[in-house]
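Listed here are the chains, written in short residue letters.
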Amino acid sequence: MRFFVRRGIFYLVTLWAAITINFFLPRMMPGDPITALIASRQGQITPEQAESIRVLFGLDNEQSLWQQYTSYLSQILHGDLGIAFSQFPTPVITIIKDTLPWTLGLVGLSTIIAVVVGTTVGTYIGWRRGTKADIVLPITTFFSSVPYFWLGLVAILLFSVTWKIFPSSKGYQPGLVPGWNWEFISSVLYHGALPAITIVLSAVAGWILGMRNMMVTVSSEDYVTVAQAKGLSERRVMVSYAARNAVLPQISSFALALGFVVGGTLIMEMVFSYPGIGYSLFQAVSAKDYPLMQGCFLVITLSILVFNLLADIVYAFLDPRTRQEG
Amino acid sequence: MTVEPAHLTPQEMDPPNSTAGVARGKVDRASQLLFLRNGKVITGLLILAFFTLLAIIGPWVAPYDPDALGEDSVAPPSLQHWFGTANLGQDIFSQVLVGTRSVMFVGFVAGILATLIAVLVGVTAGYLGGAADEGLSLLSNVFLVLPALPLIIVIAGPLDGANSLVVAIVIAITAWAWGARVLRAQTLSHRRRDYVEAARANGESTPRIVLAEILPNLSAIIASSFVGTVTFAILTQVTLAFIGVTGLDQWSWGTVLFNAQSNQALIRGAWWWFVPAGLCIAAVGVALALVNFGIDEFVNPRLRATGKYAKALKKRGVRARVGFTPVDRHEEPSTPVVPASGTVLVTEES
Numbered sequence: 022m023r024f025f026v027r028r029g030i031f032y033l034v035t036l037w038a039a040i041t042i043n044f045f046l047p048r049m050m051p052g053d054p055i056t057a058l059i060a061s062r063q064g065q066i067t068p069e070q071a072e073s074i075r076v077l078f079g080l081d082n083e084q085s086l087w088q089q090y091t092s093y094l095s096q097i098l099h100g101d102l103g104i105a106f107s108q109f110p111t112p113v114i115t116i117i118k119d120t121l122p123w124t125l126g127l128v129g130l131s132t133i134i135a136v137v138v139g140t141t142v143g144t145y146i147g148w149r150r151g152t153k154a155d156i157v158l159p160i161t162t163f164f165s166s167v168p169y170f171w172l173g174l175v176a177i178l179l180f181s182v183t184w185k186i187f188p189s190s191k192g193y194q195p196g197l198v199p200g201w202n203w204e205f206i207s208s209v210l211y212h213g214a215l216p217a218i219t220i221v222l223s224a225v226a227g228w229i230l231g232m233r234n235m236m237v238t239v240s241s242e243d244y245v246t247v248a249q250a251k252g253l254s255e256r257r258v259m260v261s262y263a264a265r266n267a268v269l270p271q272i273s274s275f276a277l278a279l280g281f282v283v284g285g286t287l288i289m290e291m292v293f294s295y296p297g298i299g300y301s302l303f304q305a306v307s308a309k310d311y312p313l314m315q316g317c318f319l320v321i322t323l324s325i326l327v328f329n330l331l332a333d334i335v336y337a338f339l340d341p342r343t344r345q346e347g
Numbered sequence: 005m006t007v008e009p010a011h012l013t014p015q016e017m018d019p020p021n022s023t024a025g026v027a028r029g030k031v032d033r034a035s036q037l038l039f040l041r042n043g044k045v046i047t048g049l050l051i052l053a054f055f056t057l058l059a060i061i062g063p064w065v066a067p068y069d070p071d072a073l074g075e076d077s078v079a080p081p082s083l084q085h086w087f088g089t090a091n092l093g094q095d096i097f098s099q100v101l102v103g104t105r106s107v108m109f110v111g112f113v114a115g116i117l118a119t120l121i122a123v124l125v126g127v128t129a130g131y132l133g134g135a136a137d138e139g140l141s142l143l144s145n146v147f148l149v150l151p152a153l154p155l156i157i158v159i160a161g162p163l164d165g166a167n168s169l170v171v172a173i174v175i176a177i178t179a180w181a182w183g184a185r186v187l188r189a190q191t192l193s194h195r196r197r198d199y200v201e202a203a204r205a206n207g208e209s210t211p212r213i214v215l216a217e218i219l220p221n222l223s224a225i226i227a228s229s230f231v232g233t234v235t236f237a238i239l240t241q242v243t244l245a246f247i248g249v250t251g252l253d254q255w256s257w258g259t260v261l262f263n264a265q266s267n268q269a270l271i272r273g274a275w276w277w278f279v280p281a282g283l284c285i286a287a288v289g290v291a292l293a294l295v296n297f298g299i300d301e302f303v304n305p306r307l308r309a310t311g312k313y314a315k316a317l318k319k320r321g322v323r324a325r326v327g328f329t330p331v332d333r334h335e336e337p338s339t340p341v342v343p344a345s346g347t348v349l350v351t352e353e354s
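Chains as they are written, first to last, in the working numbering: chain L, 22 to 347; chain R, 5 to 354.
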């Protein structure tokens with residue numbers, strides 16, 4: 022249990038750090054773009070909205086920094102992230118609520134596929150090292166070296182423009198009403214296939230390489246040799262003895278890779294005009310919509326922390342040593 | 005990547021550029037050669053040298069001004085325009101050439117800065133221990149979990165058209181944590197070893213122990229974390245340019261791709277607009293990955309032996325499997341001994 026308490030405290034500290042970074046950034050930036058934004062919406066913006074923006078961006082110069090900080094914290098904790106100027110007058114939190122599920126779905130699905138496929142392939146080529154299976158390594162290295170978005174561009178060119186197999190943008194068929202019906206769900210899957218495949222292609226290399234190297238290391242441990250000497254089937258030795266131990270570092274590196282995968286997914290959404298949080302972030306960047314930008318950053322960080330916590334729980338479940346120490 | 009330093013002598017962990025190696029003479033020169041004899045490392049370094057050269061001379065050898073308008077709009081590659089032209093007739097080959105500089109600049113500057121922070125934080129935390137360690141570890145863990153790309157966007161977004169140096173600094177601020185974590189773990193394992201204890205007993209000062217005794221032994225790991233950071237920085241720079249966070253007046257491979265995307269190059273089927281820039285990124289990325297594989301194999305003898313023995317095993321029709329990772333760098337694997345049934349053959353020197 023102590024393990025979880027420690028991790029929980031760590032995640033709280035990280036969340037606090039993210040919020041604090043968000044608090045100080047606009048206050049350190051040169052110039053005052055926000056006043057200009059408020060001025061440009063003179064008359065349309067309600068006093069409460071203007072006040073909320075002032076708290077977020079530190080325009081209350083009469084207040085001390087500490088007072089600004091506390092009112093900022095309380096406003097964030099109440100879920101008020103200001104209003105999005107690029108989609109005036111929608112509150113930032115509404116936009117994020119609409120877009121977050123798309124990103125979670127895309128990241129979640131493609132990460133699970135990448136982990137399962139990568140670990141399986143890595144186990145195999147780590148076991149059969151030095152054979153023709155090693156050809157997988159340079160190929161996946163190439164896919165992990167090109168940026169996500171470029172792979173996305175090529176995928177669109179090949180599969181949407183040249184051979185019109187998949188749609189090139191949007192999350193579902195325009196005109197459909199979102200709902201739990203087969204027509205909508207199939208449209209979502211159809212539109213999500215190309216982005217998901219591209220993310221898996223980019224992300225899988227790291228998993229293959231990590232698993233392969235762990236397999237090479239673990240295979241020469243004594244207990245694997247003993248298992249082999251006992252005459253257990255090769256498959257059993259590979260899966261239950263070598264892979265089972267090699268997979269643990271994979272899970273701890275999952276948490277570290279997550280930020281990178283999420284970053285890549287955000288970019289992929291920009292390329293595919295996918296209605297997720299990355300596309301909102303992209304629109305915010307091009308429209309210089311700072312409240313939306315910062316809101317996206319906070320929510321993305323929060324989601325990553327939640328996923329990290331899940332990875333911790335899975336790890337503790339798989340590795341009894343973590344539980345004993347706690 | 006697990007690095008098992010326990011069975012490595014300090015000499016084995018020296019990369020070729022280690023200054024400590026010069027004094028130690030013959031043994032180290034052999035291991036330097038070993039590092040450079042690795043085909044992967046040579047290929048990677050050659051590709052990197054090529055792009056570094058382009059970064060330096062690119063703007064001078066570019067046949068056209070990258071912004072100059074031309075007559076052919078979106079023309080496919082020809083003798084006049086090797087990579088074709090963009091929507092207003094600009095020469096894409098020149099754009100890619102000129103753009104090389106900012107990509108390589110950001111990559112290396114961010115790599116150097118982030119590695120410096122990582123060494124500072126990681127080695128300090130590992131060597132001092134105690135409260136300093138707790139604090140610095142917490143700091144690097146927090147930076148490790150914060151999503152780098154959104155953080156960079158939030159920092160760099162309001163800095164209108166940030167120049168390359170600012171972008172490099174922002175990337176460095178977000179990218180040092182992984183290296184710091186690895187270095188801390190390594191320093192921790194070195195701190196109580198005999199050679200450090202001996203130095204301490206000799207009355208060497210703490211800075212000298214850290215800089216002259218421990219640091220040279222960490223150089224392989226520092227090199228590997230530097231290469232990793234450069235890869236990350238290059239991908240990030242290109243990505244930032246692609247989404248329009250950096251100024252569009254500075255050419256980068258990402259700027260070319262941004263223009264291609266915003267001018268519907270895909271719908272027009274203008275593959276020449278984005279394929280060359282992407283392949284350049286991939287080439288640099290693969291080169292860095294190759295160097296890193298080389299370092300990995302250099303540090304972890306098990307990985308090295310695997311590659312080394314593969315051919316000899318194949319010749320004899322043996323498939324490498326359990327318990328077969330001979331670790332001996334000096335003997336050529338002319339006749340590998342095949343264990344009858346799971347005999348471990350590990351001939352480690354040291």
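No lab work stands behind these hints: they were computed from the structure. Be aware that one or more of the hints could be misleading.
Now the in silico label distances, taken between C-beta atoms and shown as ranges [claimed, not checked]:
no., chain 1, residue 1, chain 2, residue 2, range
1, R, Ala136, L, Gln88, 31 to 39 Å
2, L, Asp155, R, Val170, 39 to 47 Å
3, R, Pro80, L, Ala71, 48 to 56 Å
Chain R stretches covered by chain L per the calculated footprint, using a threshold of three residues with CB under 8 Å from any CB of chain L [to be verified]:
no., segment
4, 68-75
5, 141-155
6, 236-250
7, 277-289
Built from N, CA and C at the ideal position, the CB exists for glycine as well.
Checklist entry - Can the suggested window of 39 to 47 Å be confirmed for the beta-carbon pair Asp155(L) and Val170(R)? => result holds, 42 Å
Item to check | Outcome of range test on Cβ distance (Pro80(R), Ala71(L); 48 to 56 Å) | outcome: holds, 53 Å
Next on the checklist: Just to make sure I understand the rule, a stretch counts as covered if three or more of its residues have a C-beta closer than 8 Å to a C-beta of the chain. Does the segment 68-75 of chain R meet that for chain L?
Outcome noted: violated (count 0)
Next on the checklist: For the segment 141-155 of chain R, count the residues whose Cβ lies under 8 Å from any Cβ of chain L; is that count three or more?
Outcome noted: holds (count 11)
Checklist entry - Do at least three Cβ atoms from the segment 236-250 of chain R come closer than 8 Å to Cβ atoms of chain L? => result Check passed, 7 qualifying residues.
Next on the checklist: Just to be sure I understand the hint, the distance between the Cβ atoms of Ala136(R) and Gln88(L) should be within 31 to 39 Å; is that true here?
Outcome noted: Holds, since Ala136(R) and Gln88(L) (Cβ atoms, about 32 Å apart) stay within the stated range.
Item to check | Coverage criterion applied to the segment 277-289 of chain R (partner chain L; beta-carbon cut 8 Å; 3 residues) | outcome: n = 8 at 8 Å, threshold three: holds.
The structure fails hint 4 only (numbered hints given earlier).
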